[in-house]
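*Asks:* Letter by letter, the chains look like this.
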Amino acid sequence: MAAYILRRLVQSALILLGVSFITFVLLYVLPADPVRQIAGRSATAATVESIRQQLGLDQPFFVQYANYLLNLVQGDFGRSYLQKTEVAELIASRLPATLLLLVAAIGCELLIGLPLGIVAALNRGKAVDNSLMLTSFLTVSAPQFVVALLLLFVFAVKLGWFPIGGYGTFAHLVLPALTLGILGSGWYSRIMRSSMIDVLRADFIRTARAKGLGRSKVILGHALPNAILPIIAMIGIDIGLFMSGIVVVESVFGWPGIGQLAWQAIQRVDIPIIMGVTLVSAFGIVIGNLIADLISPLIDPRIKLR
Amino acid sequence: MADASISPEPLVAPENGPSVLRRLAQRKLALLGLLIILICVGGAVFARWIAPLDPYEQFFDGLTIEGAPLPPNATFWFGTDLLGRDLFSRILYGAQTSLVIGLVANGAALLIGTIVGVTAGYFRGVVGAVLMRFTDLMMAFPALLLAICLAAIFSPSLWIVAMVIAFVNWVQTARVIFTQTSSLAERDYIAAEKTLGAGHGRILFMHILPHLIPTLIVWGTLGISTTVLLEATLSFLGIGVQPPIPSWGNIIFENQTYFQSAPWLVFIPGAAILLLALAFNLVGDALRDILDPTQQGRD
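Those protein sequence lines, which keep their order, are chains P and H. Everything in the first sequence is counted per the UniProt record's numbering, starting at 1 for the first residue and increasing by one. Everything in the second sequence is counted per the UniProt record's numbering, starting at 1 for the first residue and increasing by one.
Don't take every hint at face value.
[Stated by the list, open to error] Pairwise CB distance ranges (calculated):
1) GLN267(P) to ILE213(H): 36 to 44 angstroms
2) VAL126(H) to ILE164(P): 54 to 62 angstroms
3) SER131(P) to GLU186(H): 55 to 63 angstroms
4) PHE259(H) to THR85(P): 30 to 38 angstroms
5) GLU193(H) to GLY56(P): 54 to 62 angstroms
6) LEU196(H) to PHE283(P): 48 to 56 angstroms
7) PHE259(H) to GLU89(P): 31 to 39 angstroms
8) THR179(H) to LEU6(P): 21 to 29 angstroms
9) GLY67(H) to GLN264(P): 26 to 34 angstroms
10) PHE154(H) to LEU6(P): 39 to 47 angstroms
11) THR179(H) to LYS158(P): 43 to 51 angstroms
[Unchecked claim] Calculated pairs, DMTMM-like style, for lysine to aspartate or glutamate (alpha carbon to alpha carbon, straight line, at most 20 angstroms):
12) LYS126(P) to ASP289(H)
13) LYS28(H) to ASP289(H)
14) LYS28(H) to ASP129(P)
15) LYS84(P) to GLU49(P)
16) LYS217(P) to ASP203(P)
17) LYS158(P) to ASP129(P)
Hints are computed from structural coordinates only; laboratory data are not their basis. Virtual Cβ for every residue (Gly too), placed ideally from N, Cα, C.
Extracted from the complex, chain H is given alone in its bound form (with noise of 0.2 angstroms):
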């Protein structure tokens, strides 16, 4: 595709920190990412006492005299559910959830990927080329049935359907670290630190692995955008978390039968999951730009 070319720009060492930070904060679309990220992850650390209601209580005033949902109000600034509890509070609460398959599925999608490509792209060998055709395999399931299909087997809880995106999600990230491990490995100063007699342990965490780092951080920041989406899609089929736990997914699959009466129930929660996405997207991407340099001036 068009990315694959090869630029002849010269690779350039890691930025540190700080420098990249800098050039993150130039950019706008960047920015308003950082900001949404910041809001949410704010949001769901002091959700305790930021939420002014409790999310799981059943409020009686909290449905109409009919029982239906009520609409946004002062009590209730993002209206009342289907059992009359307060939205705002369980999307605070909700942006919990998010946040932590988001942080653990993708922190394992981004483990085995890299134990996989690394040990592809270095070691090689016979194990190498069954782990990369095991790689191509899973590339050819459809990932998203694949993963209704687990988490509609295994009963679903916070933890196994983080285990299960985690499971889908790790076939990208293999890809990408065995194709950068591999002409890593075959660089003239890897030959000449074995040729020295620097043993795996050092060549791998010395001088593979800190230049892994760029492409782990922006395939890590697009990702949870992936696991988010993907919670999301599986909390709403009613096999992704449990309620009363609140997910923004099983928010809205709660929900769904008042959707054409108390539409904020579903497009709210709805709002919340695509600019938590979006945000992650914005960032990886103004990141890969940042650090790629054979991405400089494309785009």
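Bound-form chain P, shown alone (with noise of 0.2 angstroms):
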């Protein structure tokens, strides 16, 4: 176990550190010149040079990269171009938001996701289990900005529940974290539903309801604890399908959350910090699949380690 541990924990260092260079190479290569979007169009060239060294742009590649290493192992993510600010504050004060928005979310899709598969499971092939997974279908195809903008329209501009964008108060974060819910639900009822179909036909089901069981007892007691192991390694991976979506959430809702840090950097080609929040969310998605692969066999001891 704790081999397996070291093992999985350094393959997870390595592929930081390839994500690092990769994003870091992405965007050397960049077309776009940030000394020029810093200095502005009436420059002189000796201004552009000197805020060229300045940010230390002159070097070579791998000089730049080796450095922005040397300083990444000590918690720097370097200075924002134009706000001039420490990236690292700059994520650090944006992440308890997408944070909270992630528990949210996933917490939706959870109550929204689990019942509906349980549900279908138990009616399999009937009207209610098709039309079920119709619905799953639907939230999986559904872009994100128009679920995202058509609850707005509803629940805040006609409506006026909820507000219509922005941060503080639970009401707030009510439609963002349904949107992201709605959507993500899709796959956990899905899952929920095969892994209930599995664990319905075990024996140990069989045994349950000819030692004469309730319907409910075996399906609450039996049933759904066991089907349920699949889900947990799902929540892992979720974080990953988490991180890659919030731009687009956070955008519509003005959510100040590093996916709304991440899209104001980009328009400005405000390079630190878009590989700050890259290095993060793959960070998180790392962590995410660690999470699933660690606690799977803990759970399931049928799953072994590799």
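Put the two chains together into one complex; each comes in its own frame, and the hints tell you how they fit.
*Replies:* Okay, here's the thing in structure tokens:
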């Protein structure tokens, strides 16, 4: 077990190193020149050159990368080109909002997805099952921004129940979390359904029924705890999907998390911020996968560590 | 996950085309999907003849006296957009954009994924190991964020958008193809072929690739759905297909400011994106059930 964890940790570190390298390469070959952006159109060649030197952008590629890595290990993500603030500070100040949204969104996904999956499994092949599965296809096929705008239109513009956007109160959280929750619920309901169907076929369920247990006891007491196992691993993977999707949702709702930070930085070619957010997101994905891999064998001994 | 367990059913030979189509037609949801795809392809191909009005023309009577877009009416079936252009015609031409990107980007992603997966699964060695580590690495990338970065960095055009999407979407295909190829490569009949002196080319094209075709069909179909959504998202952010070329995503991007007073400008193209993505998901899922024997009886 210890050896396995160590190996997975080393692997994760290597993946993060790779991600940092690729992001650096992509942004280094960037055709848009950040120095021009900072200096403005009227800047003289000398000014441009001095800014370039100041930012260390005149050094060879590998020297720049090595410097970047060296700082990174010390928790220094560099400074924003335009805002002159430490990127680490910017990200740290925005991270709580994103994490809050993450927890709320995954909560919504589970609250919507799991019951639907269970109901579908118990009514397998019937009209309820088919319509629930069509619903799950719909949620998987819906573009985030359309769902976000639809919820905004109905619940904020027409009904006025929730604010149009922003941050601060519980009411602000509902629509963004619900958007992500509706979209993610499709995956959970499908996994829950097929897992439940598998478990309901198992011998121990037949035994439970044979010894005369009631239907609700068999389902809630015996089937559910076993069927829910794959969901737990799924949550880890979901963190990764979430990290990828926050840019759109945070922009539409004006949610001040790292997704919005990234989007603003992308528009201004503020490379240190883009790199920082990409690395933090990749970190989230790697941690999520690691948790999924480490927890699965603990809760289900049939899964062996590889 | 749930689908990872190995089922005891034996591998059956890939089915031939007509029988797959017949079985597809027996499923209501798949038929619904096929119908939507057919309408969409028809609309895109014949847009020039179907479209009642020029999608680029800004009609003088296409705006109210105050300059606001018109709601759906007899002349403008889906209403007009912020510049007084006919939304119905723009939606029809937008279908062309979605389908072209869907096919090109997804085709490129499938090609890259197959080359990487087959190389790593069949030849293995150092190159294979490096390729698969690179694939692992790409899995840890926040895909949408990466696509947004790339699209914003390169000045966006139809083809750049397609390439960006291909660049972030090949990863899943590569993993699936790798797993399949490496298990195929260990079969006895491949060893027998080798003993008989068959070269790599013969083994790859006669014995490995034909077995991968069902998987490629399934992933190709499901992938179009992902691609359509990704293109729409990039265009919605203003870094995808650029106006005046109509794309369902950039129609929403352009008209976002009128979203409260003229919701049809957001929700008609939004529904179009949803329906097309849904259609490819429905057909892809049915194909997976039909073509992949290990999935049979699971759903």
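*Asks:* Hint by hint, note whether the structure agrees.
*Replies:* Evaluation of the provided hints:
| no. | hint | result |
| --- | --- | --- |
| 1 | GLN267(P) to ILE213(H): 36 to 44 angstroms | holds, 43 angstroms |
| 2 | VAL126(H) to ILE164(P): 54 to 62 angstroms | holds, 55 angstroms |
| 3 | SER131(P) to GLU186(H): 55 to 63 angstroms | violated, 43 angstroms |
| 4 | PHE259(H) to THR85(P): 30 to 38 angstroms | holds, 33 angstroms |
| 5 | GLU193(H) to GLY56(P): 54 to 62 angstroms | holds, 56 angstroms |
| 6 | LEU196(H) to PHE283(P): 48 to 56 angstroms | holds, 51 angstroms |
| 7 | PHE259(H) to GLU89(P): 31 to 39 angstroms | holds, 34 angstroms |
| 8 | THR179(H) to LEU6(P): 21 to 29 angstroms | holds, 26 angstroms |
| 9 | GLY67(H) to GLN264(P): 26 to 34 angstroms | holds, 30 angstroms |
| 10 | PHE154(H) to LEU6(P): 39 to 47 angstroms | holds, 40 angstroms |
| 11 | THR179(H) to LYS158(P): 43 to 51 angstroms | holds, 48 angstroms |
| 12 | LYS126(P) to ASP289(H) | holds, 18 angstroms |
| 13 | LYS28(H) to ASP289(H) | holds, 14 angstroms |
| 14 | LYS28(H) to ASP129(P) | holds, 14 angstroms |
| 15 | LYS84(P) to GLU49(P) | holds, 18 angstroms |
| 16 | LYS217(P) to ASP203(P) | holds, 16 angstroms |
| 17 | LYS158(P) to ASP129(P) | violated, 32 angstroms |
Hint violations for this structure: numbers 3, 17, all remaining hints satisfied.
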